[in-house]
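Residue numbers (this note's numbering), protein chains in the order written: chain A, 57 to 226; chain B, 748 to 1355; chain C, 19 to 119.
Hints were generated in silico from the structure; no laboratory data involved. Hints may contain errors.
Unchecked claim - If you want a taste of the chain C side facing chain B, the calculated C-beta under 8 Å gives, among others: (1) Val41; (2) Leu42; (3) Leu58; (4) Val111; (5) Asp112; (6) Asn115; (7) Ser116.
None of the values given here were measured: they were computed from a predicted structure. Note that the Cβ used here is the ideal one computed from N, Cα and C, for glycine as well.
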Amino acid sequence: MEHLAFSCLSVLALGFALGVVLSKNAVNGAMCLLLCLAAIAGLFILLHAYLLAFILVLVYAGAVVALFLFIVMLLDMQGGQPWRFRAMQALAGFVASVLLIAGLDMIAVRGQLASGPPAPGAVGSNLKLYAYPLFTTYLLPVQVIGFLLLVAMLGVIVLSRRTGEAGRPT
Amino acid sequence: MAPLDTALLVLLTPLGSAAVITLLLARRGAAAAAVSVTASAAVAIGALSLAFGGARFSASIEWLRFGSFAVSLGFKYDDLAALMLAIVGVVGLCVHVFSLGYMHDDPARARYFGGLSIFMFSMIGIVLADNLFMMFIFWELVGFSSYFLINHWREKQSASDASKKAFIVNRVGDFGFLLGIILCYWTNGTVSLTELGAAHAAGALVYSRTIPLLLFCGAVGKSAQLPLQVWLPDAMEGPTPVSALIHAATMVAAGIYMLCRIEVLMVEPALFVIAWVGTLTALYAALCAVIQSDIKKVLAYSTLSQLGYMVAAFGLGSAGAAMFHLTTHAFFKALLFLGSGSVILGCHHEQDIFRMGGLRARMPLTFWTFTVAVAAIVGLPGLAGFFSKDAILALAYDNNPAVFAVLALTAILTAFYMVRLWKIVFLGKPRSEAAGHAHEAGMSVTAPLVLLALLSVVGGYRGAYPRGFEGILSLVPEASGSTHMVVLGASLFVLAVGAAAALAFYSTDGTDALQVRFPGAFGFLESLKTSFDTAYDYYVAKIQQRFALILNFIDVVGLAGVVVRGVGGAAELVSSGLRSLHTGRLGNYVYWFLFGVAVLWAYAAGIL
Amino acid sequence: MSPSLESYVLLSAALFAVGFLGVLVRRNTLVIFMCLELMLVAATLALVAFSRFNGTGDGDVFVFFILTVAAAEVAVGLAIIVALFRTRHTIQVDRLNSLRR
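Just chain A, same shape as in the assembly (with noise of 0.2 Å):
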């Protein structure tokens, strides 16, 4: 049962992030993006990380692709050009990403990861397991973390201005 969600889901998430990278429009390939976040999500909870697997559909599929459908619609709609293929560069690429996969898989196999023990009873599925570490063991990178999210949105507001004739931000 476990092996048919598996293959399933790896599946579409394989799929639909190939028409991330394939397709001829920004729009579509946003929208390739969210289902195959939606795939990932669905592997998340065969992991029984069942917290982590909502919090991807919220953040992430939810606000961080919907602000880059924003952005698409907002730029690309206006100037973008119909993308072309070029074989060299696509050979390039699909080289590159062999190269990719069999250096992965080399430490792969040399961790001799088939090899590992049987899972036990997952951890991700106690809220409260969950939490407890993140306010203890990693509290300082909590605090950090929080810091970089104001520096960002700091950034964000600076780097957003309109500067108006003479270059001054208004």
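Using the hints provided, position chains B and C relative to the given structure of chain A.
Structure of chains B and C alone, referenced to chain A:
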């Protein structure tokens, strides 16, 4: 005041005077002259007080240190240094006072006095130095001062050429000197004179033939022995007081002084070479002096000849005899030069002796002091030169009859040309307008003449020297027994023969009798002088210049081209290669990123 | 009987490679950005898989941080792209090469 402090003051006062003149008084001749003369007086007083005080000391401080090699600066004030310092002080003072009058109308007076002060500083440094490195430093400084002062009238091309010639020829000698110092340090581990002396006394010194001969090269250069004597006659382009101080009494004597300082390193074969170099120089210079028509050139060759005597004396084994002759020579040679300066001044800067004459009546003081000096140099009994020359002749007779014969012949020649000079300049009728109107110069010119004349008279009597100098003077050999009679007879004979021949042969009619009656001999003697210069010219033009051109080619093509620009070019190649990475295209950068990651993986996987 | 760890990791690697391919091949800056996000998500998948199979919760917690950072990065990056568009009036990367040489 402690003797060390006095010595330090004596050394540094002329330096201070030179600094003040250069920085503040560069245009004020009178003030500069006053400062310089005061400094010189201080030096003379200091030197004499140190000598009579009887204190003998040595002190040094370490100056530079490179690992186990150290250069130190220090004083070694023993009897030898005491005598030399006194000579430098007294003669220096006389020359400074003389310069007040002689250079009175010179526009660049301040520069001249600054140069004199620097010279005094350098010379005192040589005298007081306690190790060979320090002596070498001051040796070079003295060479520089000589260059500076010869070149005083720098508008004249001949003066510039002469100063360059002096410096370069000195440099050649100094190269040998430096090699000798390095070799001495290498074999003996020290160049300090005190330590060398101690090692010699303990029998631990390493003797070799090369070290003293290389060190002697320095003396050959500085004291103008064969074959490096070519610079001294040309150095007469400088003002006469400079010739008196530097090229007669003190600087050229520095070579002799240095030889006496390194006496402990001497070995028989080296001494043999030194003796013969000195003897041949004496003979050669005397021969050249016979035909000169410039009053200063005659005196220059005479100096060369007497220096040869001193070197020969040292080579025969007696540093005492050499120093004694150095002392008396300093007195009468300085007197001769200053007297000639007075004559030149009186004849309105006329230096050709065939245009002088009849000055006996017109410049009596100069005449009498000059006569005393001439008598001293030819060895008239009773005067200073007689005793010192006698000592050398006695030494030669006892040790090396061949040297004795040559030195005796030279003595004849000395008498011959000196009396020739004296007769043509002072006797007879005035042969030119200027000579006809000659008159004595002021007190500043004549007072030093009188003082030096006095010293030339009494300088030969050992009793006349205060107790302070006993140490050196006791080393002067005394002839005894049959040697005494032979030498006495010989010196009287050479004096008589030479003087009589000159008086009879030369006339006061304005022509050179030798040139007129024996033109062949005259031509031969002239060629003696020019042969050395011609040989050097040939060497420089044909050999050295071609070698220099080859080196220049290597430098331009090899070093500047291949090495410097080649390295630059290689760097440019690398940089342009790296620059091509900056395409500005995102895709390229990502590919490079992947490449880097792949390399890291390969490394981690153990492939690389 | 769940799929082995290796298959999850392989899937994650494949997704990562696809994202990388997209970064290399596409010329639209926004699509490149989306592929970057794809790569990030692939990494989170691997992390969660490891966390599940090792029995610790650290991997999950780390994914939390990755998501936050990805969000911040997207915000700032898109702001930069918008600012760039305002001056250059293009978002094709092969026209944005004024840092060349």
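A quick look at each hint next to the structure:
At about 6 Å, the closest approach between the beta carbon of Val41/C and any beta carbon in chain B falls short of 8 Å, and the interface hint on this residue holds. Annotation: interface hint on Leu42/C holds; nearest CB of chain B at approximately 6 Å, less than 8 Å. Annotation: Leu58/C was flagged as interfacial toward chain B, and the flag is violated, the nearest CB pair being 15 Å apart, outside 8 Å. At a threshold of 8 Å, the smallest CB-CB gap from Val111/C to chain B is about 4 Å, leaving the interface hint in force.
Annotation: interface hint on Asp112/C holds; nearest CB of chain B at approximately 6 Å, less than 8 Å. Among the interface hints, the one on Asn115/C holds; its C-beta lies about 3 Å from the nearest C-beta in chain B, closer than the 8 Å criterion. With a least beta-carbon distance of about 6 Å to chain B, the hint placing Ser116/C at the interface is held under the 8 Å criterion.
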